[in-house]
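**Q** Single-letter residue listing:
Protein chains: 2
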Amino acid sequence: MTRIVKNPNPTLADVGEQAVITAIVAHAPSTRNGDDAAVLDHAAPNSRTVITTDTLVEGRHFRRDWSHPAEIGRKAITQNFADVEAMGARPIAALLALSAPGDTPLEFVADLARGINERVTDYDAELVGGDVTDNDRITIAVTGIGQLGGSLPPLRLDQARPGQILVASGHIGYSAAGYALLKEFGRAGVPAEFDPMLRAHCSTILTPGRGFVARSAGVTAMTDNSDGLVHDLYVMAKKSAVTINLDSAALQPDDLLVRAAELVGADPWEFILSGGEDHTFIGTTFGPPPTGFVEIGTVVRHNSMGAVTLDRAAPPYTYGWESY
Amino acid sequence: MTRIVKNPNPTLADVGEQAVITAIVAHAPSTRNGDDAAVLDHAAPNSRTVITTDTLVEGRHFRRDWSHPAEIGRKAITQNFADVEAMGARPIAALLALSAPGDTPLEFVADLARGINERVTDYDAELVGGDVTDNDRITIAVTGIGQLGGSLPPLRLDQARPGQILVASGHIGYSAAGYALLKEFGRAGVPAEFDPMLRAHCSTILTPGRGFVARSAGVTAMTDNSDGLVHDLYVMAKKSAVTINLDSAALQPDDLLVRAAELVGADPWEFILSGGEDHTFIGTTFGPPPTGFVEIGTVVRHNSMGAVTLDRAAPPYTYGWESY
Numbered sequence: 001m002t003r004i005v006k007n008p009n010p011t012l013a014d015v016g017e018q019a020v021i022t023a024i025v026a027h028a029p030s031t032r033n034g035d036d037a038a039v040l041d042h043a044a045p046n047s048r049t050v051i052t053t054d055t056l057v058e059g060r061h062f063r064r065d066w067s068h069p070a071e072i073g074r075k076a077i078t079q080n081f082a083d084v085e086a087m088g089a090r091p092i093a094a095l096l097a098l099s100a101p102g103d104t105p106l107e108f109v110a111d112l113a114r115g116i117n118e119r120v121t122d123y124d125a126e127l128v129g130g131d132v133t134d135n136d137r138i139t140i141a142v143t144g145i146g147q148l149g150g151s152l153p154p155l156r157l158d159q160a161r162p163g164q165i166l167v168a169s170g171h172i173g174y175s176a177a178g179y180a181l182l183k184e185f186g187r188a189g190v191p192a193e194f195d196p197m198l199r200a201h202c203s204t205i206l207t208p209g210r211g212f213v214a215r216s217a218g219v220t221a222m223t224d225n226s227d228g229l230v231h232d233l234y235v236m237a238k239k240s241a242v243t244i245n246l247d248s249a250a251l252q253p254d255d256l257l258v259r260a261a262e263l264v265g266a267d268p269w270e271f272i273l274s275g276g277e278d279h280t281f282i283g284t285t286f287g288p289p290p291t292g293f294v295e296i297g298t299v300v301r302h303n304s305m306g307a308v309t310l311d312r313a314a315p316p317y318t319y320g321w322e323s324y
Numbered sequence: 001m002t003r004i005v006k007n008p009n010p011t012l013a014d015v016g017e018q019a020v021i022t023a024i025v026a027h028a029p030s031t032r033n034g035d036d037a038a039v040l041d042h043a044a045p046n047s048r049t050v051i052t053t054d055t056l057v058e059g060r061h062f063r064r065d066w067s068h069p070a071e072i073g074r075k076a077i078t079q080n081f082a083d084v085e086a087m088g089a090r091p092i093a094a095l096l097a098l099s100a101p102g103d104t105p106l107e108f109v110a111d112l113a114r115g116i117n118e119r120v121t122d123y124d125a126e127l128v129g130g131d132v133t134d135n136d137r138i139t140i141a142v143t144g145i146g147q148l149g150g151s152l153p154p155l156r157l158d159q160a161r162p163g164q165i166l167v168a169s170g171h172i173g174y175s176a177a178g179y180a181l182l183k184e185f186g187r188a189g190v191p192a193e194f195d196p197m198l199r200a201h202c203s204t205i206l207t208p209g210r211g212f213v214a215r216s217a218g219v220t221a222m223t224d225n226s227d228g229l230v231h232d233l234y235v236m237a238k239k240s241a242v243t244i245n246l247d248s249a250a251l252q253p254d255d256l257l258v259r260a261a262e263l264v265g266a267d268p269w270e271f272i273l274s275g276g277e278d279h280t281f282i283g284t285t286f287g288p289p290p291t292g293f294v295e296i297g298t299v300v301r302h303n304s305m306g307a308v309t310l311d312r313a314a315p316p317y318t319y320g321w322e323s324y
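The listed protein sequences correspond, in order, to chains A and B.
Just so you know, we're using our numbering here: the first sequence kicks off at 1 and counts up by one.
Just so you know, we're using our numbering here: the second sequence kicks off at 1 and counts up by one.
It is worth saying that the hints were derived from the structure and are not from the lab.
Rough simulated footprint, nothing fancy, chain A against chain B, three-plus residues with beta-carbon under 8 Å:
1) 11-25
2) 29-43
3) 49-63
4) 86-96
5) 144-158
Over 12 Å on every C-beta distance to chain A, these chain B residues come out as not near it, computed from the model:
6) 165
7) 190
8) 192
9) 213
10) 256
11) 258
12) 266
13) 287
14) 295
15) 301
Just so you know, these numbers come straight off a predicted model, no measurement behind them.
Note that CB positions come from ideal geometry on N, CA and C, so glycine has one too.
Whenever a hint applies, use it, and build me the whole structure from the sequences.
**A** Written out as structure tokens, the structure reads:
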């Protein structure tokens, strides 16, 4: 069961499965890891468990010449924890099902685990377990686990109500702008001022706890902007049987987004309305916007203009991300 | 957002991501599915959550010419729920992170979901969510979630104690025999009498609830036979700082296993000691074997013969399954 490794930059095949797992655990340690399954205690007697899974595939969701492996690790955690937070819950743990070719450098996996650990630590969570498997393409399936305490209901997609305002946190369109810049210039060629967009795309920027804050502050329906703003709101509007109207004045692209769009010859509104992948939170509430959120629209009775409108008209961009 | 599908046997790329998800949910329905994340209530105020993940990759863990997609679905659930049960917990839910090439038939995914649903239903559990992604190879990452009620500790690998007996449930070596027969003869060429071995390999045969029974009956350490009996017991023995001695008389291959080994020119003891993938439960207890378990060895003080012995000598086969 021992292998002699002479390569100073060994691959997964050089070191074998156990050494890969050891490298992951060394960079993302947890006392709950190392058994057939991880056991999580519940913080409160009436807490509920919230679970979700999302996968990153090399060439589809990330490129190694664009993203550092630690960024990929942070993104894998953030997109899952965003789904946990979109229910109003607190992320507490993650699982990593990693499959990758044998010629993948061990250093890639170690850096990936380091990025994962940085992000779970931001959330006071842990990587509690996982699985390592041979595959043709690097495939990173993460499970996010959260706890929903108290007696308030979770923030469901079907809980938007006419008369509510639509609120959002974070920079909508930044990830899509980052992607467009990377496609045009490559990582090294993008001017430094656009770093916030590169980070939004490559590692996802979110302030932990916004979902928990939103639920406490009276938000009833919430989702994260993952597949495109209009696309994701369309799902919410349909499930809630309402029309959601976006206010263009509140969504105006900032100077940086305008400059990024000019540089790649795009319309900044396409980034905002169809870009997705920001994982910023979009919620509805009868109250004022919670801390960290701004008002970007209203919820009205379902009307003939459609499920999602921009200034009470059809939005210019409606498509969203779909695999296949 | 609508696509015209003319192909009577459409692929994932023909129908698009949303239709793939719809097909999965149609075959494996759950009222908890359909939001950013699934919310699970806890059965008892002091219950804990148990989570694990395991991945099946086409060509590595299954072949479509050997296994029906419904069998692959059952296997994906069973191997995860076995890890949940190996902690003494009750499986309650699963997540499916499926990535597959666009030319995969939609029918494959529908049948996979049907197999998943059959197996989660056996356990009174549900497929509560998932993710669908484009990939080069069919990659099935399942997360198993369970609940651990009551005040007894979970069944950890480090809880084997000298003076205990080693107990096991199920047919050890059957999956490995099934794999050897498939490699030799292909699915259609294996004589019908070996069906139990084909099923052990292609869809995994387990009686739900054995882990829960074991914990109630006084088992303190448990694992499932996934990577090879000696290999998995080695991990338990090392973590518990004991020697585990297997009793060859109790592990004798039955007639069917002997005949299978003869047919492929193998030693049945290799199937038993190194085969793995049966996901049968192996535990240690001071009490008599729980219902459904038989005694297969003893736990003694760590001694110079090694962590795992067979009749107090080195076992003839010690290797186990490793990716890479």
